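Combine the two chains into a complex, taking the hints into account.
Those protein sequence lines, which keep their order, are chains A and B. Count along the first sequence from 1, then add 4; that gives the number in the working numbering. Count along the second sequence from 1, then add 1; that gives the number in the working numbering.
Since the hints were made in silico from the structure, they are not lab data. From a predicted model like this one, the values you see are computed outputs, not experimental measurements. There may be inaccurate statements among the hints.
Derived pair list, reagent style SDA-like, types lysine to any residue, alpha-carbon separation capped at 20 angstroms [claimed, not checked]:
1) A:K345 x B:G91
2) B:K217 x B:S26
3) A:K345 x B:T142
4) B:K207 x B:M248
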Amino acid sequence: MGLQRSARASLWLLAFPLVTLVVMLVAIAVGSVNIPLAGTVDVLWNALTRQPQPDPMAASIIVTTRLPRVLCAALVGAALSIGGASMQGLLKNPLADGTTLGVSSGASLGAVIALAFGVTIPGLPYSGVVVLSILFACLSLLVILTLAYRLDSSLSTNTIILLGVIFSMFASAVVSLLVTFAGEQIRSITFWMMGSMASASFPNAGLLAVATLVGGLVLYGCARELNAFAVGEDNARHIGVDVRRVRFTVLIASAVLIGVCVSMSGTIGFVGLVTPHMMRMVVGPNHRVLLPATVFGGATFLMLADLVSRTIFSPRELPIGVVTSFIGAIFFLGLFYYSRKRG
Amino acid sequence: MSEVMLGLDGVSVRYGSHVVVDDASFELTSGDWLMVVGPNGAGKSTLINAITGAARYDGVIRCLGHDVRTYSPARLARIVGVLAQNHSVGYAFTVGEVVNMGRYAHTRSMFSDRTNADEQAIKRAITLTGLEPLLDQSVLTLSGGELQRTFLAQLFAQDPQILLLDEPTNHLDLVYQEQVFDLIREWLKTPGRAVLSVVHDLSLAKSYGSRAVLMKAGRIVADGTVLQALSEANLAEVYGMDVFAWMRKMLQQWEAT
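Excised from the complex, chain B in its bound form (with noise of 0.2 angstroms):
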């Protein structure tokens, strides 16, 4: 039996009357990728939002076996790490210097120098993502691939067990979002790891994910294997279109011709 790495029980959130998140619960086990799915509005960034203690919430939400309202915000970070959809970096920070502040979760006080571990989190982190040649580079002059790579970098550098990702490739073209999807794909292959993302490009969720969670106005529809969760009847009733044929007409475009 694979480990529970993270679990949410009667998860609600409100802003103000409105009921954003409504009495969710899923499990997320060692080696899953959850693809959470859903509308515009369905609450899938805000489900992430009350993960990571951004968002107040009704209910339990448990990190290896404890309730993430135990953890100070470092520890947390040592296990959970995010990637947003947006990143808009407001000075001239260098690459090196974001890939770096991901170790701060790990370092005691400024004063402390970097340990071996630093150091290799960080090597790996820029290695993976290719980044060497825009170390030096302020984040201000990058472009949205080369940005999002960057704190994907700053993500691994972060080494966490889990990564909650907001819609990871959102303004990615293809050959970003299946490098970035691949290195994904890549991290979780070491154990003791899983990955939760909210993703709206259903081809993506079904060749990357082990697992979906179908939204809709802040309840779960459906949970199981992509296949289930994501199957024609489900979909056609959270998107109100028969979404299958609507792939199918577009796929048949490009073959006709």
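So here's chain A without its partners, still in its complex pose (with noise of 0.2 angstroms):
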């Protein structure tokens, strides 16, 4: 029965919060110094009940440097997978996502253009490369969409794929660009393309939480809608969807999103476009259940990369998407591959 599925889908939602937390134990214990993960758990509880900390040094590296950082791994993680999953369900196109559909790049074009010119809005450091990025997010989404439709109105998986590859490019270029002769006040072109988690900090933390928060939510809200959607959009106008109001939503919700993690991690490929094809075999493609499980895939996800970019070749860093985009890469090959096979 149905009914079995989704029991099954609630047991699945009890136990990935679980996973999550234990992966972030880890990924908070785990690094150029290890510490035990029962001294960690000590460590952080100390900080969050604000008692004195016995052993200062690990004190200092888990709360200052692993704990914001795995956090905003987490939450970046979280966005850009329920971000994703919504972006393939709106779409009923498995292969959309921020990078694929050139979002992410506009995003970044917006933040450099922000360091590049100084964009900033008074008395709120940064917040300048944060609102160009989420704005430009959006207006890459408008005119990738907006072309689309022009050009092919059933919006298929290959025009929209092919003008965000394009588009992709172009921003990119042009990112390149500003970067080049830009110099030292705009962080490196490899941040942009292949993303870090180096500048993680409490603040990012709580930006991210926020937009995380009040975007999953718009985003959850609308999981009826998608259900619909990802069967047909014909389908969902006739069975009584606004059509028009829910598609806006979306798109506005997932670009806020995917906007707001690149302002502060760059450019991370595959992650929005991973976790909800792993989620969707695990869970099935009810969003009700589906985003719920993509939050906390993602997370679990992104916190696991971040920790292999940064112990691997330990002391040196890897930028976190090339991790993201190895396993990415491997994982569609082989699903790609057997989905063709099976027929």
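Next comes the structure, spelled out in structure tokens:
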């Protein structure tokens, strides 16, 4: 029965937060200096209850360095994944995601423009970057989807992805150009192309948390409508979904999430693409379960990717996008290969 | 006098400078099964798109006495339901999940519980279409006939008063064609319901329709009982061939053997 599937999905939803929590602790404990798990929990507990730390060295590593970084990784992973899952449902297109649609590159361009031309909002340092990043994410989506609708009103996979790739190349070229000429005031080109968690901080984590919570709730509020869109936009209209309103809401919410993430951590590829696929295999395509699952799945995936990126060649740190792209590319190749072989 | 359920008054649809539907007017009354017939490109499907708001149009479409533009999408879906000719579902939803989606317009929010009416409508739809054994199956694994029955069940679960069917049996074999049309005839027996369907098969139009509209190049050429509208002369004009002679020839081929 359908009930069985939803019961199974509910069990998964209980298991996911636990897994995420365990991975979070491991990611905080492991690094260039390994701290035992029990010690990590003690330090976190002491920090939370404002008690003195017996080991100030470990406390400093955990609280000031690793905790904000792991939190940021988890939140970026969650936000990118729920955004990707929503766009994949909305466009009935399993390849839709911030990177394939060109939204991430657009957001990078906005951030780089803000940095290069010193766009700021008085009293709020860095806010110009965030705002322009979000704005450009929305604009990119608008440009790509308007073009796609004009070329092919059925919004087929090929049209959108092709336009997304073309737009990405263009935006990345402009980013490279700006970075080359602006020099020191903009972070390295690798940051914008491959992403990094190195600049994570508590204020960043706070902003990410607010964005993820608000954006996530808006998207979760559209879960039923996303199910209808995932069956087909015409079918959604026929059963009474306000397709224009839902399309607008979902696209804006996803673009804002991607914009905030890019302004904090650059373009991290494949997270928003791969996590929804993995979660769909586990809990099925129903967005009421799928969206919460991708939040935890994305958080876990990116915390692990960040852990690998900073430990595998320690003390040298890999850009996090290298790790996610490796995993993502292999995953997709496998998925593609087996689905084609099965016919 | 029976109640007018759907009325089109001077409806035109343009794609750029191309007129797809040209000044179409007709009424659909309670108990009617209106067959919309015409060659490819006559504007039949576009007519359905105009009624559901998927295509922009000039003119007025009234549904139960009110302009459809004043209806919210959900309210319109509680009155008008559509069965499309093609379905390509993107993800592995189960048959049960797709049928349940038919209750969307009746449910206030995703957190409201299913009401008795929901349960009953879903159960009735599943029984009518004989889908019990397939409820847990992924829609990606269904045959064309099973998929069409799934969406018919979704439509019954939606429980509208007017059905718009766009070549509903296009990809179905003869047995399913008859099944689907018989199911709809059964559904139509309840008072206060009406059906508009686009069909290519003239014999289906004849055996199930109560009225017919014949279209050519966006214009309504004839409107009346099936016999009146689909007369030999009208069909010859619209299709540019002697349709009756052709049908007789086809039948003779079978009878001769």
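So, going through the hints one by one against the coordinates:
no. : hint            : result
1   : A:K345 x B:G91  : holds (19 angstroms)
2   : B:K217 x B:S26  : holds (14 angstroms)
3   : A:K345 x B:T142 : holds (16 angstroms)
4   : B:K207 x B:M248 : holds (13 angstroms)
Figure legend: structure checked against the earlier numbered hints; every hint is met.
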